[in-house]
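If you read the protein sequences in the order shown, they are chains F and E.
According to the UniProt record's numbering, the first sequence is numbered sequentially starting from 1.
According to the UniProt record's numbering, the second sequence is numbered sequentially starting from 1.
Just so you know, the hints here were simulated from the structure itself, not pulled from any lab data.
Glycine is no exception: its CB is placed at the ideal position from the N, C-alpha and C atoms.
Be aware that one or more of the hints could be misleading.
A few chain F residues facing chain E, derived, Cβ under 8 Å [claimed, not checked]:
1. V62
2. L83
3. K208
4. V211
5. N253
So the derived list for chain E, only partly shown, Cβ under 10 Å to chain F, looks like this [claimed, not checked]:
6. G33
7. L121
8. D263
9. I300
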Amino acid sequence: MLNQLSDAINKYKKRVDYLEVRAEESEGTGIKFRGKEMESVSQPSSRGGCVRALYKGGWGFVSFNDLDKLADKIEEAVSQARLVGRGKSRLAQVEPVEDEIRMIFRNDPRKISLKEKVDQMRDYHDQIWAVSPLVSDASVVYSDSFSRVYFASSEGTKIVQEFSGITAGFSVVARKNGLLQSNAAAVFDKSDYSVVRTLGARITQRVKLAVDLLEAEQVKSGQYTVVLNPVMAGNFIHEAFGHLSEADSVYENKKLRQIMRLGRRLGADGLNVVDDPTLEDGWGSYNYDDEGVRPQKTYLIREGILSGRMHSRETAGKMGEAPTGNARAAGFRFRPLVRMSNTFIEAGKVGFDEMLKDIKLGIYACNFWGGQTNQEMFTFTPGWAYMIRNGQLAELVRDVKLTGNVFETLGNIEMIGDDLGLRMEPGKCGKGGQYLRVDAGAPHVRIKNATVAGK
Amino acid sequence: MKKDYSLAQNLLKEAISRSEAAEVVFSSGQTRGVSFEHSKLKIVGAKYSVQVGLRLIKNGRIGVAATNNLDRTGDLVSKALAVSEFGPAALFEFPALTKYQEVKVFDPAVEKISEEKFVNLGQRIVDDFYKFNPNALVYVSFGWGEGRSALLNSSGLEVEDMASNLDFSVWGELVEEGDILWVGEGKTSCREDIDYDFCLERVKRKFLQAKERVEIKTGYYPVVFTPRTFGDILSYIFTALNGKMVVKGSSRLQNKLNQEVFDKRLTIVDDGLLNWKTGSGKIDDEGVAVKKLILIEKGIVRNFYYDLQSAAQAGVKSTGHGVRGSAAALGSPGLHNVLISGGKQTYASILGDINEGILVEDFLGAGLNNPFNGDFSMNLSLGYKIEKGKVVGRVKDTMIAGNAFELLAHGIRAISKEREWVGGSFLSPYVVLEPVSVVSK
């Protein structure tokens, strides 16, 4: 396959500055229970490819299913690029590589029968409904996938990589007197089906939370000192800050480039933020990005100072910075964009109790239900939250929303915990319509003057 | 297509011989795109896709299988049979051929539009915007193409369909220290009837309106929702009217059929038979004829919308709202084109009547609220303050909150005569709701 791709590239490479082809085969399993019964079970398989061509700074991109028509598609991408190109192509230099990355499984989901997977999910589903009569809706979702991606470029890079992922999760809705409250949990692993068996341990706790939230008071809007748990803090750093450090939003935006200038102070000395695609066993890790670049660990913030950002070859080339291997695509339908991998706040020194100790009135926001950002502004909903009163965790409160400006909020981080946890549920991130695997994490983090919207 | 059609027929034949009932969906499509990013032509692209999907019923259970690899359709029946063993119980039968009304959704001229045309048009928009505000960046994207599909089932249905699609959006971005303004406008249609300049002028107008920064005190105010943001408020009602939510017990409206739940001025109709609208089609994704459906009539809940499976669970007939995101999915109920009735006053007079309030152009976090009970609180990513009937400037760091069901029952202050299409499948007036909680920093 690889030779077929590179042979096809060789015929056209003189007409453009750069040319690459990706081809992908994948298969997987999906199971979903919803309401009181099985909703769907499927074993999809897929095959397809894409071509990306660069000419005088302009890109052409064609995706397709029928790999037999590769030559036609390359021809089309080449003429698209030639239509667009009006300037100069500037890709950061990388050494061509030839490599093969095979998936090594600890517990291969393809060797587990469909029956066992379905039974396991049905069992979880039954467990959820058994927790409380107030459960009014629930869904349990399982998926596994295995894919092989071939990459070849006009610079001579030839890579085959295998990927696998196993996820299981549930969400629950509890209802009483017209009030509904939800909760959710998910587990995932790259190579070990056994992770699915750990989901059950969270069911009782999360369903009870949804039920207890029905009795909780709505939080009062206002400014609070807020403690984020590791999941919520990880999501905050990913969503609110991480996306601004993806160089494709910055590199051709003079003003944003000024705002995101390296060396700018964003937080206190102890604040360190990292994106690390090389993390061993990391959910968001990979060996090569979708431009065939070997990735590296990047400090985005070091001791409170903006110190780096994530790049594709083009953004690195145009900004005169070193490539970081963060160009990723969610499959052959998409061109690579600059994306995060495993993004986290490094551990500090403060214990959880010490963090709460002097808070008279505050909020402890746990896990992550959803969020949206508009570059500088963010709105996040935790999975659940408690009031903090006189240094102690107090009652559960519902419908908490955290909102604010990311730069102000980073500056308001006043304590960083000693308990780093890396787990972003459900382990996916969307950008430009592309959903792909990422992880995020943090220790407990304390933020002063955070805006909470509720009642 | 002919060759593919016989592939679908053969697949159906094999499936019928090995199961009780079956359905085959074949779809193929191609779209092209031109994108300007950061005020520069960035990329021209094309996507070609093909998919064949099989849904069958074996021992009373549903099995599905799909692939986009046409060389590997040979094992689709076996795959569908294998998963049917664990599949949900089929409560429905595949629909036989019924009469359906033709609707225009295919214009062959769309596919023939050249990349050069949109490269040039996009460049003109970028240049125009630069003259308007040299400090702003502009993002323009065009996507256009067509899709063909064939739906065949064991009840004798054989329908072929074609649809074209054109999508346009323009966004402006102005970045200043501590202040990022994002303003966009877009339209979608089945043919090239998009007024590109209208969208561009709209973005400029919003830019101008956002120039001044003003403050608003926390409190309760009348809030003007544009057709787009009124859609965000209505999303709770659409969820509650979804037949699947009703049969699952997650709908706030499940026992409210034929009861007056909302303000008498609220009428909501779903009409999938409007020419050139992107939600239109003669049949739904399961082969059921599409009909106009009244959802809310003068405040009274008239109908829920169902697909085959949820309708069977509810003991009613499918309303022709079966939507399957992909051939591998079982599907669920979805709306076609939603139309909200207009009111009596002009938009200008509605604005003129507001002494102090807010106009909401865009939300941040609209999808984050509990989708079931209607409680919302959303950040205004773009909102203006109204004083003495006039838009006086942009408000920032402001959230609004309320309950959609309660506001639509008791809080409708005014509905505009004018209505506008949002995207290609939602038609709505401007609506003023009151009192809405406004929380400002």
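Results of checking the hints against the structure:
no., hint, result
1, V62, "holds (5 Å)"
2, L83, "holds (6 Å)"
3, K208, "violated (18 Å)"
4, V211, "violated (15 Å)"
5, N253, "holds (6 Å)"
6, G33, "holds (9 Å)"
7, L121, "violated (14 Å)"
8, D263, "violated (19 Å)"
9, I300, "violated (19 Å)"
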